[in-house]
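Asks: Guided by the hints, dock chains B, C, D, E and F onto chain A, whose structure is given.
Note that the protein sequences, when read in sequence, are chains A, B, C, D, E and F. Quick note: the first sequence uses this note's numbering, first residue 38, plus one each step. Quick note: the second sequence uses this note's numbering, first residue 38, plus one each step. Quick note: the third sequence uses this note's numbering, first residue 38, plus one each step. Quick note: the fourth sequence uses this note's numbering, first residue 38, plus one each step. Quick note: the fifth sequence uses this note's numbering, first residue 38, plus one each step. Quick note: the sixth sequence uses this note's numbering, first residue 38, plus one each step.
These aren't lab readings, by the way, just hints derived from the structure by calculation. Quick caveat, the model's predicted, so the values are computed rather than measured. One should not assume that every hint holds.
Since copy identity is lost for identical chains, a pair holds within one copy or between any two.
The list that follows gives simulated cross-link-like pairs (lysine-lysine, PhoX-like), each with its CA atoms no further than 20 Å apart [unchecked claim]:
(1) 42 / 105
(2) 100 / 87
(3) 188 / 87
(4) 188 / 90
(5) 105 / 87
(6) 90 / 105
6 protein chains.
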Amino acid sequence: MSDNKTVLVISAHSADFVWRCGGAIALHQERGYDVTIACLSYGERGESAKLWKQGGMTLDQVKAARRKEAEAAAAALGAHDIQFLDAGDYPLELDRDKKFALVDLIRQVQPTFMLSHSMYDPYNTDHMYATKVAMECRMIAQAWGHNPGEKVLGAPQLYLFEPHQTEQMGWKPDVFLDITSVWDKKWAAIQCMQGQEHLWTFYENVAENRGNHFRRNSGGQAGGRAAKYAEGFQSVYPRTVDEL
Amino acid sequence: MSDNKTVLVISAHSADFVWRCGGAIALHQERGYDVTIACLSYGERGESAKLWKQGGMTLDQVKAARRKEAEAAAAALGAHDIQFLDAGDYPLELDRDKKFALVDLIRQVQPTFMLSHSMYDPYNTDHMYATKVAMECRMIAQAWGHNPGEKVLGAPQLYLFEPHQTEQMGWKPDVFLDITSVWDKKWAAIQCMQGQEHLWTFYENVAENRGNHFRRNSGGQAGGRAAKYAEGFQSVYPRTVDEL
Amino acid sequence: MSDNKTVLVISAHSADFVWRCGGAIALHQERGYDVTIACLSYGERGESAKLWKQGGMTLDQVKAARRKEAEAAAAALGAHDIQFLDAGDYPLELDRDKKFALVDLIRQVQPTFMLSHSMYDPYNTDHMYATKVAMECRMIAQAWGHNPGEKVLGAPQLYLFEPHQTEQMGWKPDVFLDITSVWDKKWAAIQCMQGQEHLWTFYENVAENRGNHFRRNSGGQAGGRAAKYAEGFQSVYPRTVDEL
Amino acid sequence: MSDNKTVLVISAHSADFVWRCGGAIALHQERGYDVTIACLSYGERGESAKLWKQGGMTLDQVKAARRKEAEAAAAALGAHDIQFLDAGDYPLELDRDKKFALVDLIRQVQPTFMLSHSMYDPYNTDHMYATKVAMECRMIAQAWGHNPGEKVLGAPQLYLFEPHQTEQMGWKPDVFLDITSVWDKKWAAIQCMQGQEHLWTFYENVAENRGNHFRRNSGGQAGGRAAKYAEGFQSVYPRTVDEL
Amino acid sequence: MSDNKTVLVISAHSADFVWRCGGAIALHQERGYDVTIACLSYGERGESAKLWKQGGMTLDQVKAARRKEAEAAAAALGAHDIQFLDAGDYPLELDRDKKFALVDLIRQVQPTFMLSHSMYDPYNTDHMYATKVAMECRMIAQAWGHNPGEKVLGAPQLYLFEPHQTEQMGWKPDVFLDITSVWDKKWAAIQCMQGQEHLWTFYENVAENRGNHFRRNSGGQAGGRAAKYAEGFQSVYPRTVDEL
Amino acid sequence: MSDNKTVLVISAHSADFVWRCGGAIALHQERGYDVTIACLSYGERGESAKLWKQGGMTLDQVKAARRKEAEAAAAALGAHDIQFLDAGDYPLELDRDKKFALVDLIRQVQPTFMLSHSMYDPYNTDHMYATKVAMECRMIAQAWGHNPGEKVLGAPQLYLFEPHQTEQMGWKPDVFLDITSVWDKKWAAIQCMQGQEHLWTFYENVAENRGNHFRRNSGGQAGGRAAKYAEGFQSVYPRTVDEL
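Chain A on its own, in the form it takes in the complex (with noise of 0.2 Å):
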């Protein structure tokens, strides 16, 4: 380990974290943080209709274009490292041993913060698995007697990134991150999604609009900052400020 402040991004399918947290990805890399992407499942069942479509596919062809897919776009944003877990997907679950793998890798990267989906999702049940794993897997990385003697997790953030219908997901921005600066290494990892074009132009669309909504909450028309695009995102603990 470098002495590199890090970021782990717990994206439950593959591409999930280009849409949603690729711009935070990009710019903590740049800042000097090592971000380390782990995605617990390809979304080879559930995300990849195109690919079914085209007929004559197998789940581990499905798998092996999915992650190929997903290493250019972690490439793309410059992303220190990326895992998988290949934990299944529709439904996702980790049984102990992946659990307890999952524990490996948060003790590993030590996560000044964590990234993941909402609390809440009645479209994607896989969504809001992955953030329960996530709080559980971050308190099992803490405990003093799991595998005594090594590291043990501090308190990182864990922070919501931004859902496809985020009114119906119950999920509530409280930050936003200014990504202009690293908006090209954002759009060069979603072109990589080559099985989701639809979704494109909606994530061009959101991110300008969180633009607009950082300018707004950073003063608006007497002195808000020029953000051209943003991400939003949902602390689920409090912070510890010397400053407010």
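Replies: For chains B, C, D, E and F alone, coordinates are given in the frame of chain A:
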């Protein structure tokens, strides 16, 4: 106006600011902010039981006594300024003129952030009314057509400070501030409140226990900061940042 | 004032108390409480459709008819007293004088507990306004500086009685009261409401079904109490007890 | 009054209706409804920054300019009527007379459904105030004792249109309307808002992304409707149907 | 499969569908839908107190008796089909195979809409578990990689039917269905439930009172529909429409 | 079984019952209840940092030490019985057999009321899991078909005791219990927790401040009870009463 950053505290009654954000006032003043306290009323009718129990009191006498205590507390905290709007309490009510006076003050101070009460308080409707007015006047202060030519307000955060029974008010802190270094000042200010001695220990306990929450959320047993005293706040608006 | 325990019902319109807490009124009166009913308005404009449909009515005639019905219902329930504040309805609005008149009544009654409407009601804004005023006046009645020398109010519970469409109002009962022994009185009071006959069966059904909920929550098939009729209430404040 | 079905839009400021339900206005007008727009204020003080920045403006000049824009937008949408109540903004306040004027309008229009703002808006208290008034006046319009003899109001749905930062307002759409066929009209109306050009693209993005949500909720990749533009609404009251 | 529209009811125990959506079943069947009922368990352990109290019963006997009642009720409602998954109750638990069997059924039926329990139920965790499974299996049925080649599911609405104590479950109906025309069938089906006779009147009262809510929300005293019986439902997903 | 009333505490880890409801245990035991404590785990992995930091520990040694502390604390409180289910922690998981063992205990105790954790806890997923299991096993214990012939459970209240950061857990107390008379016992029990000395003062502060809330809610400055120490609880189910 100097070039200092500024803070505006909107306190329904003249003692509220002491218990609820005395530490934030002292700390930010030390860090070079100019902190202005606006007391909407003296709490002369509803929060001066001890004085009224003495008998023979007039409303003006109670107001004067409460003002003296509040000024002493503000001085103990090193606050830049304290203003009294004398809008009456139990119930607190600001007519259009009083609201515009508050707007004037907001524009004069141009606060980097504001502080007020919880959104809901079934025990003390003055408290929630104060926050309603704070939000309304923040909006008016942002209007280019209100006293055109004046410097309009940007988009300062509004922090809700800690109410007396947090869970009954639906108040949830999302940020803890370490006030260990200024605890002596807050304790001195608390002791200025001769009429409410029954609350001194209560708020000392609160500060200690929020210190525990600070330690827990900044890392706990694996590296948390050794804060002894803290204050909690709930943010109304999302933050805009360059780094999570 | 006798030494009896007391109850104060705050009813937006003059018939509300019958449907929503007629059983509680009759029961507590029988148990030795003195129950006072405060009707903030007669419901003359908005809840007297049957009278207005007759044609040729004046506002005063409608008020008089409604008052007569309410007095008859209060008598049927055996209520200690019924007061009419005549503050107008649709919309109900209490100015400072009317509020202070209600404070006077609260202090006079010194209620062990109070009863009013749900916190929210998108169908009938008078209802939620009545509860807002009840909370505000409860606070003023507690102020030592309001009419110094008078006996100030303690901390009576405020129970919210059952609204017409509970789920739309976000009303959640946390206590069920067995009114089987006084059902005859409630049914008699209901029948005093000649202008709203379309609601009689509705509230009989409600009472029966709340009886079922009483049985279920007192033990169900393994020992629940055989209540036939019940009323539900939501508490605003926590209870203080010596035994759970 | 013709026999057409009717719609009433209650807009706090004179431009709100364009961004938030311009599509619904144009679409229902085309479908044979008569749509009336009620602008409670011109947004002259708080939503006319561009005009005030020009300098040398009077309040009347700003009002006139805003009115002209709103009338042009209403024409572009083909709206049946637009009314201005001129109640003032920042803060918006309707006294009893103004409220009764709005009740008169509601009764005149006899809307099949109404449209207004979100229930909560910490950025713009005028918006939530407008909805509060809409609910109150809907209730008054239903009162048989208000101007006896007039045709009283039934029970029209109240749809809350999309606010600027949906998640901060706790707004959750439960219905999406396909506005693809009238997008040209909405876009034309948007372009009438010369003073708020910074919002044009924002609301184009919103319309496109709500189109995506429409496709997703009408069947997604397995048969969703190919809507390109949509608007979202939150219902206040339950629907009554003969088929789910 | 015929060309009929279809409905799928997911019932935790074999009697739930009768009380909670018997009217919807009968009505839609009459309107030409094919309604399939899936009973996840017989409620053999937890909802058959009357049978167990007789003594000398085996689990299989209870299941058989419950099945017979459910089939009779389904017949009384004219339901197209009733299926029993026999997954056990108190607690209800579906392993991966059982879930996939439910997915098979969903895909076979291709429902226009689905019906299940409330999201939360502290009295009966089987109920909320059933809805959790319904949402999860709906998602799996939409996955192109699940049994590739099968017809995948679109985006059917999921309606949550009325639980026993609505307010305790946080259930809020957003649609009322007039079931007056099929009340006789629902009442006949209810009477098939010999083991739960204590609930007959309860649900008759519910149906009558929901009829009142239907009248109120369809126009009230100024034109509401004269529904005598109704059922209420809460929608999980937004609707997509061409007209509000 | 004696004829005493009984209480069942369900504690995720072996120390939770001390901080969170030690006063309730001691008080009800003194009042003639038999209080049984069920520790689902020892907290051996996640809540024994001090022991693990000593080095050279085995899981069994930690369990034994934790058990000893818990037994000492239970004795200090005078509890009737303490049971250890040893289901493991971080994460806590009860399979069907463990759940049925808990059901057996519930039926054996036949509690008048139960106590467990808050519904939500993002810091400690074991806590919310324990409450989920408590609700599930309460339901199973009520099933006439579970071990037919055994005495089934009635409908005991489930009180949620105070979590460590109340606001983050969405926990809202609706009842305060005066524990002044048994504070010495609770303090003695707290001191048995040698491994968590950093929490002693924290929970002393909590008890004192809940005492203040007790005084405030029982009458405040106009007659509140002079409680010095109290505990707060949130009820899951409504109460059934004969008097409000």
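Asks: Now tell me if each hint is right for this structure.
Replies: To see whether the hints hold, each was checked on the structure:
When the C-alpha separation of residue 42 and residue 105 is checked against a cutoff of 20 Å, the pair qualifies neither within a copy, at 27 Å, nor between copies, at 41 Å. Only within a single protomer do residue 100 and residue 87 lie at most 20 Å apart by alpha-carbon distance; the minimum there is 13 Å, versus 45 Å between protomers. Taking CA atoms no more than 20 Å apart as the test, residue 188 paired with residue 87 passes between copies only; the shortest distance there is 15 Å, against 43 Å inside one copy. Only between protomers do residue 188 and residue 90 lie at most 20 Å apart by alpha-carbon distance; the minimum there is 11 Å, versus 47 Å within a single protomer.
Taking CA atoms no more than 20 Å apart as the test, residue 105 paired with residue 87 passes inside one copy only; the shortest distance there is 15 Å, against 46 Å between copies. Proximity of residue 90 and residue 105 under a CA criterion of 20 Å is satisfied intra-copy only: 19 Å inside one chain copy versus 43 Å between copies.
Comparing the model with each numbered hint stated earlier shows that hint 1 is the single one that does not hold.
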